[in-house]
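Enquirer: So the chains spell out like this:
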Amino acid sequence: MAKVRGTGFAAVNYPTGMHLGGDPTQSLIHMTPAGDFVVTMASVDLGQGLRTVLAQIAAETLGVPYESIVVETADTDTGPHCTGTFASRTTHRAGNAVVMAAQEARKAMLEVAGELLEASPEDLETDGDGNIHIKGVAEKSVSVGEVAGAAHFGYGKTIAGRGAYLKPPSPMDPETGECDPDSTQAHACTVVEVEVDTETGMVEVIDMKSVYEVGQQVNPDLVKGQIVGGSWMGIGHALYETTAPGYPAIDPAPVDFQNYLQPGAAEMPDVTCEVLEYPAESGPYGGKGVGEMVTNGPIPAIVNAINNALDVRITQIPVTPEVVLRALDEKKAQAGA
Amino acid sequence: MEDKLIRLAVNGRDEAVVIQPLATLQDVLRDKLELNAVKSGCGQGGCGSCSVLVDGELQLSCLTLAERVGDAEVTTLEGLNETNAIVPLQQAFIENYAAQCGYCTAGMVMAAKALLDRNPAPSRDEIVEGLSGNLCRCTGFAPIVRAVQQAAQALSDTGEEAS
Amino acid sequence: MSMKELGVVGRNVGQRDLESHARGQTTYYEDVHYPRMLHLKMHRSAEPHARIVSVDTSAAEASPGVVCVLTHEDLPGKKVWNGLAAVGVGPEDEPILAFDKVRWRGEPIVAVLGESAEAARAGAAKVEVDYDPLPGVFDVEEAISGSLPALTAHWPNNHYIYPDDHGAAQIRFGDVEQGFAEADHIVEDSYQTSPIEQAPMETNGCIAKPGGDGRITVHTNTQAVHFARDNTAAILGIAPGKLRFLGGTVGGGFGGKVDVAVEPISVLAAMRTGRPVKFKYTREEEMQVSSTRSAWRLNIKDGVMDDGRIVARKITSYQDSGAYLRFSSYGSMKHAGHMPGPYTIPNVWVDARVVFTNRPPSSAMRGFGVMAASFAIELQMDKVAKTIGMDPWQLRLLNAYRNGDMRAHRKVNEDAAMVETIQAAAQLAGHELPAEYQAMTSWDRKAS
Numbered sequence: 015m016a017k018v019r020g021t022g023f024a025a026v027n028y029p030t031g032m033h034l035g036g037d038p039t040q041s042l043i044h045m046t047p048a049g050d051f052v053v054t055m056a057s058v059d060l061g062q063g064l065r066t067v068l069a070q071i072a073a074e075t076l077g078v079p080y081e082s083i084v085v086e087t088a089d090t091d092t093g094p095h096c097t098g099t100f101a102s103r104t105t106h107r108a109g110n111a112v113v114m115a116a117q118e119a120r121k122a123m124l125e126v127a128g129e130l131l132e133a134s135p136e137d138l139e140t141d142g143d144g145n146i147h148i149k150g151v152a153e154k155s156v157s158v159g160e161v162a163g164a165a166h167f168g169y170g171k172t173i174a175g176r177g178a179y180l181k182p183p184s185p186m187d188p189e190t191g192e193c194d195p196d197s198t199q200a201h202a203c204t205v206v207e208v209e210v211d212t213e214t215g216m217v218e219v220i221d222m223k224s225v226y227e228v229g230q231q232v233n234p235d236l237v238k239g240q241i242v243g244g245s246w247m248g249i250g251h252a253l254y255e256t257t258a259p260g261y262p263a264i265d266p267a268p269v270d271f272q273n274y275l276q277p278g279a280a281e282m283p284d285v286t287c288e289v290l291e292y293p294a295e296s297g298p299y300g301g302k303g304v305g306e307m308v309t310n311g312p313i314p315a316i317v318n319a320i321n322n323a324l325d326v327r328i329t330q331i332p333v334t335p336e337v338v339l340r341a342l343d344e345k346k347a348q349a350g351a
Numbered sequence: 023m024e025d026k027l028i029r030l031a032v033n034g035r036d037e038a039v040v041i042q043p044l045a046t047l048q049d050v051l052r053d054k055l056e057l058n059a060v061k062s063g064c065g066q067g068g069c070g071s072c073s074v075l076v077d078g079e080l081q082l083s084c085l086t087l088a089e090r091v092g093d094a095e096v097t098t099l100e101g102l103n104e105t106n107a108i109v110p111l112q113q114a115f116i117e118n119y120a121a122q123c124g125y126c127t128a129g130m131v132m133a134a135k136a137l138l139d140r141n142p143a144p145s146r147d148e149i150v151e152g153l154s155g156n157l158c159r160c161t162g163f164a165p166i167v168r169a170v171q172q173a174a175q176a177l178s179d180t181g182e183e184a185s
Numbered sequence: 060m061s062m063k064e065l066g067v068v069g070r071n072v073g074q075r076d077l078e079s080h081a082r083g084q085t086t087y088y089e090d091v092h093y094p095r096m097l098h099l100k101m102h103r104s105a106e107p108h109a110r111i112v113s114v115d116t117s118a119a120e121a122s123p124g125v126v127c128v129l130t131h132e133d134l135p136g137k138k139v140w141n142g143l144a145a146v147g148v149g150p151e152d153e154p155i156l157a158f159d160k161v162r163w164r165g166e167p168i169v170a171v172l173g174e175s176a177e178a179a180r181a182g183a184a185k186v187e188v189d190y191d192p193l194p195g196v197f198d199v200e201e202a203i204s205g206s207l208p209a210l211t212a213h214w215p216n217n218h219y220i221y222p223d224d225h226g227a228a229q230i231r232f233g234d235v236e237q238g239f240a241e242a243d244h245i246v247e248d249s250y251q252t253s254p255i256e257q258a259p260m261e262t263n264g265c266i267a268k269p270g271g272d273g274r275i276t277v278h279t280n281t282q283a284v285h286f287a288r289d290n291t292a293a294i295l296g297i298a299p300g301k302l303r304f305l306g307g308t309v310g311g312g313f314g315g316k317v318d319v320a321v322e323p324i325s326v327l328a329a330m331r332t333g334r335p336v337k338f339k340y341t342r343e344e345e346m347q348v349s350s351t352r353s354a355w356r357l358n359i360k361d362g363v364m365d366d367g368r369i370v371a372r373k374i375t376s377y378q379d380s381g382a383y384l385r386f387s388s389y390g391s392m393k394h395a396g397h398m399p400g401p402y403t404i405p406n407v408w409v410d411a412r413v414v415f416t417n418r419p420p421s422s423a424m425r426g427f428g429v430m431a432a433s434f435a436i437e438l439q440m441d442k443v444a445k446t447i448g449m450d451p452w453q454l455r456l457l458n459a460y461r462n463g464d465m466r467a468h469r470k471v472n473e474d475a476a477m478v479e480t481i482q483a484a485a486q487l488a489g490h491e492l493p494a495e496y497q498a499m500t501s502w503d504r505k506a507s
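Protein chains in written order, with this note's numbering: chain A, 15 to 351; chain B, 23 to 185; chain C, 60 to 507.
Hints listed in this document are in silico derivations from the structure and should not be mistaken for laboratory results.
Partial list, computed: chain B residues near chain C (C-beta under 10 Å):
id, residue
1, I108
2, I116
3, A121
4, C123
5, C158
6, R159
Covered, in the sense of this in silico footprint (three residues per stretch, anywhere, with C-beta under 8 Å from a C-beta of chain C), are these stretches of chain B:
id, stretch
7, 50-58
8, 64-75
9, 87-101
10, 127-139
In silico contact screen, one side only, chain C against chain B (beta carbon under 8 Å); selected entries:
id, residue
11, G83
12, P259
13, G310
14, R342
Cβ atoms here follow ideal geometry from the backbone N, Cα and C, with glycine treated the same way.
Only chain A is shown next, with the shape it has when bound in the complex (with noise of 0.2 Å):
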């Protein structure tokens, strides 16, 4: 038979930002005389949707619309400091000081509602929908539009808000490790199933299913393209990737992407899903993070899926064809002795 399939799956853990902490993160909120906010970060987005996340953990704290919410990012001279954008850390450290700065940017901001209304701050409540007003008495309202123009035009002030947000550095002590690597951990498990064909080594992944358990998502579909794109680039890396075909023999050395292969939409399974939430102490309103750990799963969930279905013992990725037919010559060369 030169088709054969097999399942395996992998469960995974993942710490949320820089190792050790020390890796801070500051956000500035200012409101416009129109009543929008802008929030200023120097963090970078690589694309994962940063400047909507944090939107909308900026809106939530403001108690405003989403949609008034501008996020400006990687710029020194006007962003506040950001370790970067890297170990899982954005959502985490970036989202934390992002509350932090728009509690006092609200603070400010139910100070000058609380003059125009003849009442006191603690007394006002947002409805998200751009208006504050008397706990419990809904027509005693401003909006926020006439909060900014009040404190921009008649009382000359800021309605702003800063906010560093830094896990403290921790030490790893040299002879026993011990130490406070993480703010929290997220998980993960994914189970695969792949077809090898044992004439030409070739593996496809034919189904991927996974959990993820993230803390509260900010935002479902972003983590669905974080998970989806990770399954891809396991895949990659499970058979495909290398810098060093020959490692540890520098030679070859692709330089292409005729040489350096990656999966294409062909090798795409379906992947199915779910993400369960349990809320991080730490995090913005819960959140973890989902950014690196989405690779993690896929690819030793594929290896153990292949030696599941050939009953051989691969540990080393790539597994590329070469890997899979050495493998079985090895066990028809046990069985044979």
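Guided by the hints, dock chains B and C onto chain A, whose structure is given.
Expert: Below, chains B and C without anything else, positioned relative to chain A:
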């Protein structure tokens, strides 16, 4: 070999540009005409990020000599939005999250347009084949394939062209 | 944070950049066009390990369209650096531009500035370097065996030295030898990952633009603008306030745009010439010059009881750092701290080594240090299950860490939901679990 003046028909306009010998169409579109949607992901013909249409055919502008284009009509992604209105294919990319970093998107849209222009009702396999010269590192392709399927459906519902 | 009812957090509001992506109107670093812009190309080492006998740039300088060349002698500040030196990790071991020796094929030696990319490339090809080749070091275990020479004076045994003279990032938790002695089974294996390219669709690059006021604006696709700015200033010995680093949307990162690889030399060139300078990696440079994901080798030994409890796990791992340190010492600490994966094991011993070889320096990629750990551990878990004849789902659920457990790095576990995640995946995959395994929770060992 000296610089040379050539004329190109790009997005419905007649353009005169001074080019260096052996300049690629990509060089001219990006650097001379500042049509930034034309990306340069590899310069080797391996990624598709520089894809444009030349007389309706999908071409890698990084492998196309500008001089050889002659009076053929060149269309970049910018050419789809001459009236600012977004086309159904682009709308389908947006609704299906068929981009993350966006760097491959212009080439993907052009490859999809070339496909839908010649085959308005492609099968999934035909879509996969039609996009096979275009790489994406972020999305895992699935949302892109879905976007093209949706665009094809929208076109068949309305009887419109892809753009 | 208390979990009040949420408004817009948790909602699908789209992705803000999608329309500009679909229209091709998103601005990336190279979508600014400046007149009189120069292009920078690098002459790189053709040898993986060699003494540099001489460098002759005269033909390059005379090449048509070449404006100037820069060697290590032109560097006004640091000659060698490390990106984490400012936070106390070091030593600074990597030349900005190579002098006396090259330690990997592709190491930068001479920067050539041309009126066009083609002129710069042609000029760079005319730099002549005379090498005295040295034996190469490529295999991580061979590199530290003592049989090969040290690549640099920093690392006499070709591996990184952690504080208190430790040759590895360590975890010492419980007594692993005692655990093996008590175990019913010993399960061992070795695992190997490969160097992998981040392969963002947009390669590393920047444009340094003098403003005429003594400041330089750097349009860059770095993943960390302040980090890149401050390191560039430190390398060149100039005031950070002279630099403005400006990003936009980055055309994919995946960890491949953190190395501050293009900005310092571009800023130096812009300072020299007073003209905008563009330095964009070719796809070939992106694949063979820019940092890859590190290759890792792991040797794992588990002590396991008949009932499936893993009572001891010993891991020795080798991160192939290539010729220089970059962020590898951080990666191995994260790797060690991640062990033994999402499982509670009472005796854990880890030695995570950073090894230097004559390969392109490696660095971060999506899941730095953790991807290789997860790969090896999850293959090992299947081997353990097979060895003792246990359902691999049950093996993982039995050993999965719970809230309140002490992790190997001695932090009490919180926010754990591994058990629930595995249970949900089993259900999704149609794998039936016995009632006692369905009843497990991440809180079932925590008092309260």
